[in-house]
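Protein chains in written order, with the numbering used here: chain A, 878 to 1210; chain B, 407 to 647.
Please keep in mind that the hints were generated in silico from the structure rather than gathered at the bench.
Some hints here could point you the wrong way.
[What the hints assert, rightly or not] Here are some of the chain A residues that sit facing chain B, going by a computed Cβ distance under 10 Å:
| id | residue |
| --- | --- |
| 1 | R1065 |
| 2 | L1073 |
| 3 | R1076 |
| 4 | A1082 |
| 5 | Y1189 |
Idealized CB from N, CA, C, for every residue including glycine.
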Amino acid sequence: MISLWRDMNGRGQVAVALAFLVLLFAPVAATRYLLSVLTLILYFVYVGQAWNLMMGYAGQLSLGHALYVGLGGYISAALWVHFGIGPWLGVVPSVAIAAAFGAAIGWLGFRFGIEGVYFSLLTIAFAEFTRIGFDHIGFVGGAGGLFIPYEESRLGEWWNLRGSQVFFYYLAFGMAVLAVLLTALLARSRLGYQWLAIREDETAARALGIDVFRAKMKAVLISSSMTAVGGVFYAFYYNSLFPAQLFDMSRSIELILGPIVGGTGTVFGPVIGAFVLTPLGEILIAVTEKAGINAPGAKAIFFGLILMAIIYLVPTGVWPWLSQRLGFARRRS
Amino acid sequence: MSALLSVVDVGKRFRGLIAVDRVSFTVEAGEIFAVIGPNGAGKTTLFNMIAGVLAPNEGTITFRGERISGRTPDAVCRLGVARTFQIVRPFPALTVEDNVVIGALLHRTEMAAARRHARDVLATLDLFDKRDFRASALTLPDRKRLELARALATDPKLLLLDEVMAGLRPTETDRMVEILRGVNRDMGVTILLIEHVMRAVMALAGHMLVLHHGAPIAKGKPEDVVRDQKVITSYLGQESI
């Protein structure tokens, strides 16, 4: 963390401190709508960062991270709805089960040498069959969905994750900040360097004494656990869960777009990515509505075109380009 | 003096082909040992068995009294055997220093200590000034030295070098010879090298082994081995020294 701070020059430090303060005091000035957009952005910062640890640092491409969001959300919601077990407690089994799924995927992939795109296919497969499975589990509502009752009287019960928009905003803010700090910490740790070595060249990493299997397992365990916590947030923020929505492939893609656009393998990439993409989506909705374009998918087409343009112009991500342009990185002597 | 590395009756077959046929030799602590032979003689297969990439079909390899044949490359490295690759494999997107830090972290948990050690190694190998370059930006001779630096940063007792001179010009070869001598003498690292460049082998090796068609045809001090008739006809005949 300290090294993250020290690696930036004065300008970078001022920019990060300013952004932090603006977000800290945003609820004072922001409208309810703006606050809901900011909450969504911070949620994507959090889950994007969790995915970034696995892909950006350890080089393992997961295209099924919706699996962990879904498991975290469903398990914590079911515990609350059926047994009255609050999310602060429910997060423990949610994380444990998501991590167990992560461990199963990791073990299958890393033990049996399922690498690269084939590993990605494995992650998709797990997310897909879990989705189909949840469609048929009556206990959690099946395809009809699971709902957390919204009771006015419970608002303010922060210990049950029942609260106002401002409450959820600060929750997302806290999670995003912790995710950034954790990434910064891991990136400068022994494990972080082992991940980079594996990402760059697995054979060479092994020749330098790195237990590749173990390091990759740690990556998938940390990433899946973190993502499951995001799922708990999602469940109690939105109060409704559908398998087709939570576990869908498109949710996995949505989750990884931020870090890809912002820059994988960087601490601030997923942050910038979320702050670029989520507002872009909102703006496109407003603009297409204003322009009277009602054709279905119009927004998605524009979104796709802009995405292509960004990736074409800054292929390594917005953050590396931005931090260099604005002179944030400290020149190492 | 007991042997640091002993290879006993080691053999490796690929389907019907015998790549390495009952090879035995020992490397004493502190020496520089060379394995030479024409292309296809089984040098790289032998090397890969010591490094843990391949498991031998027969025979045993022991390092400091511990059996290492059949172990994984990372386990072998953790015991103190570091290697370089014939075709260098730096971590391209990382800086030169970070490349070496990864090696230094094998036996160090503190980042600061690993970084200090990495810088010491870089200074020894004349790469200190290039420590902030991306590894992909280096020239081939520099990349070869980076590969060596990364291996040395793991504090090996034994260094395995797979054709570390290949692709170097004569002046660069002489420089590498000097560096390797320093590594052997000052850092006390035993070296086992597989090499084609006889100029380097003659300058460095205390003992050598000549392989031909997977079998050892000569063993001993370089000045004796190069006079061996079998060695001259099978290998040196085409390439005068």
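For each hint, the structure was consulted:
1. Interface hint at R1065 of chain A: satisfied, since its Cβ lies 6 Å from the closest Cβ of chain B, which is below the 10 Å cut-off.
2. Because the beta carbon of L1073 of chain A sits about 6 Å from the nearest beta carbon in chain B, less than 10 Å, this interface hint is met.
3. Of the supplied interface hints, the one on R1076 of chain A holds, with its beta-carbon coming within about 8 Å of a beta-carbon of chain B, less than 10 Å.
4. About 8 Å separates the beta-carbon of A1082 of chain A from the nearest beta-carbon of chain B, less than 10 Å, and the hint is met.
5. With 10 Å as the threshold, the beta carbon of Y1189 of chain A stays out of range of chain B, its nearest partner Cβ sitting at about 20 Å, so the hint is violated.
In summary, the structure is inconsistent with hint 5 from the numbered list given earlier, while agreeing with all the others.
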